[in-house]
Amino acid sequence: MKTQSHAQAAAEFIKDDARTHWHDETLWHVRQKRDLSAQGIPEWETLRDTASATKDYVLSHLGELLEQFETNALANGIEVLWAKDAQEHNEHVYRILQENKVSNIVKSKSILTEECGLNHYLEDKGYDVVDTDLGERIIQFAKQAPSHIVLPAIHLKKQDIGEIFHEHIGTEKGASDPKYLTEAARQHLRKKFVEANAAITGVNFGIAETGGFVVCTNEGNADMGTHLADIHIACMGIEKLIPRATDLGVFLRLLARSATGQSITNYSSHFHKPAPGKKLYIILVDNGRTEQLGREDFKNSLKCIRCGACMNTCPIYRRSGGYSYNSTVPGPIGSILSPGKDLKKYSTLPFASTLCGSCSDVCPVKINIHEQLYKWRQVITENTDVDASKKLAMKVAGYTFGKPVLYDLAGKMARTALKITPDSLVYSSLNVWGKHRDLPDVPKESFKEWYQKNRKS
Amino acid sequence: MSSKASILAAIQKNKPVASPLPDLLSFPDEPNLVEKYEKGLSGNGGQLMQVTAIKNVQDYIEANFPREQLKASLVEGVEGNIDVNNISDPHDLEHVELAVLQGELGVAENGAIWMPEKNVVHRVLPFIAQHLIIILKKDTLLTNMHQAYEKVKVNDHGYGVFIAGPSKTADIEQSLVIGAHGPRSLTVFLMD
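In order, the protein sequences belong to chains A and B.
Under my numbering, think of the first position of the first sequence as 8, with each following residue one higher.
Under my numbering, think of the first position of the second sequence as 397, with each following residue one higher.
One or more hints might be untrue.
Unchecked claim - No more than 25 Å apart at the CA atoms, straight line, and that leaves these computed lysine-lysine pairs for DSS-like:
id	chain 1	residue 1	chain 2	residue 2
1	B	411	A	280
2	B	411	A	91
3	A	373	B	514
4	B	514	A	310
5	A	419	A	402
Everything labelled a hint here was simulated from the structure, so no lab data went into it.
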């Protein structure tokens with residue numbers, strides 16, 4: 008089966024022009040809130056530098072830190088499990104649920120469990136997994152995946168959500184008031200929290216020094232779930248470690264401000280020991296991370312703290328929607344993480360970028376996202392046979408740029424060609440470039456010609 | 397080979413050259429802590445009341461919450477009608493309307509209050525209550541999260557949480573709605 012390219016999937020998304028604009032503006036608004044918030048902190052750049060350097064330390068001492076974390080977590084009474092891949096992670100969860108005779112599961116947001124396909128795995132085993140983050144519950148009802156890692160239902164309008172809730176939890180037909188819908192979800196999910204005997208959460212930060220971890224939410228859903236249920240299973244990617252509890256000062260100042268412009272999430276919960284009579288498990292998951300660690304050009308992608316800022320700012324993401332990436336983590340960061348997992352399947356993602364660098368500018372841990380996108384393009388062009396026309400174009404371009412005379416000639420020809428190209432050719436259905444684009448006004452001369460004439464004056 | 401061993405072996409093989417651990421950061425103290433704290437808290441949807449005596453809190457509760465509603469107080473001088481210390485199953489807190497708790501310290505930059513497990517007794521209490529009141533001493537206010545983490549020992553207790561506002565969501569078209577799953581309001585009483 009041929010997987011859909013990013014461009015093909017994006018074409019689906021932009022069919023609805025009004026919705027595309029709405030999506031674009033909504034995310035840009037979030038980006039603006041982030042700017043306002045970051046500008047309110049004079050030491051913002053120092054925080055970014057420190058966070059980035061701390062993650063460098065983590066990646067270069069990952070083995071020691073994981074062992075330190077395990078030792079301390081065990082001493083705290085937490086059961087620690089290791090998983091090489093998604094399959095092993097899911098099997099651990101299933102075994103814990105079986106051993107503890109769990110029937111009702113509530114889950115708070117975890118991109119890792121999405122990555123591992125945990126919900127489907129457990130559903131196939133007969134479990135009903137209730138996602139409790141409002142956005143996640145909405146898309147779970149709609150049988151969709153999150154389209155954004157922080158704002159999972161950002162692609163849906165309130166009328167869509169009204170329809171979904173009407174069908175699944177019996178809200179009034181046609182009702183779309185966010186307050187009314189949220190209240191209905193509150194009542195519906197409160198029952199689920201009270202009935203649950205196991206709660207699954209992700210992990211924002213694991214603390215090596217203390218053997219505990221932090222989970223951040225605004226809704227309080229992770230806490231409602233974990234404190235009522237007898238079993239808490241926390242799923243953590245091995246790169247989520249930080250060395251010291253005091254490092255949280257840096258990371259918590261950056262995380263929410265980068266994500267939505269808030270100064271901090273309303274709840275930052277620190278788990279170190281199970282409550283009396285209860286059980287706490289943590290699963291440490293590799294699933295391709297150690298492989299990425301060995302890729303010199305791409306290892307920095309493992310610094311990601313999953314704030315989503317690169318998505319909100321990306322001109323491509325905003326106008327093509329999360330689903331066009333067809334990967335668990337969409338947007339710029341997803342486009343540098345995913346090719347490492349399956350080069351062929353995700354071969355079009357690094358090309359879904361203008362390389363404008365805005366993603367790198369807003370990244371709180373200073374990942375060089377746009378440079379990695381550029382590097383993945385080279386790896387993909389070398390190693391796959393996809394998009395032969397793009398390969399040929401690059402070869403021609405490379406040859407032309409390498410020969411100044413040829414380059415000047417090509418420029419002259421292009422300036423003439425652009426002038427005389429009929430609109431019917433540019434805006435024909437055969438030329439996808441012409442969609443939503445205008446040809447530039449053609450300058451009479453090249454910069455080189457202008458410089459030759461004017462440099463003496 | 398166990399999964400742990402194979403993961404650690406892969407890390408050993410692939411890890412980058414050693415990078416140093418950065419020093420801890422510290423920044424100048426905020427001169428107007430109360431003003432800044434109020435801004436931080438209201439920015440996250442909470443409200444601040446400055447009072448001189450615990451009696452003022454009791455009066456506020458009597459004026460705003462009907463007598464018959466379930467109230468859990470862990471603060472001396474504020475009356476409750478459900479004894480949290482005598483409850484063994486946290487599910488029994490399901491119908492609590494108001495919880496009144498003592499905050500450990502407040503952070504001016506974002507309104508966050510550190511709530512260690514001993515201050516909440518049942519971890520779920522600050523979340524399951526329909527409304528939350530936290531009492532905070534003025535002299536516990538700090539400038540930023542760096543100072544907070546120097547003071548707080550996160551593993552002194554099995555659990556602890558920074559609470560910076562009421563439960564909220566913006567998952568429907570980015571419209572802010574207060575009262576997602578947890579408290580529909582957070583009122584912080586700042587005392588001398």
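Here is what the structure says about each hint:
1. Restraint check: the Cα-Cα separation between residue 411(B) and residue 280(A) comes to about 30 Å, which exceeds 25 Å; the hinted pair is violated.
2. Between residue 411(B) and residue 91(A) the alpha-carbon distance is near 17 Å, which keeps this suggested pair within the 25 Å criterion.
3. Annotation: proposed proximity of residue 373(A) to residue 514(B) is violated, straight-line Cα distance about 38 Å (limit 25 Å).
4. Annotation: proposed proximity of residue 514(B) to residue 310(A) is violated, straight-line Cα distance about 34 Å (limit 25 Å).
5. Pair hint residue 419(A) plus residue 402(A) holds up; C-alpha atoms about 20 Å apart against a cutoff of 25 Å.
In the structure shown, a violation is registered for the earlier hints numbered 1, 3 and 4, in ascending order.
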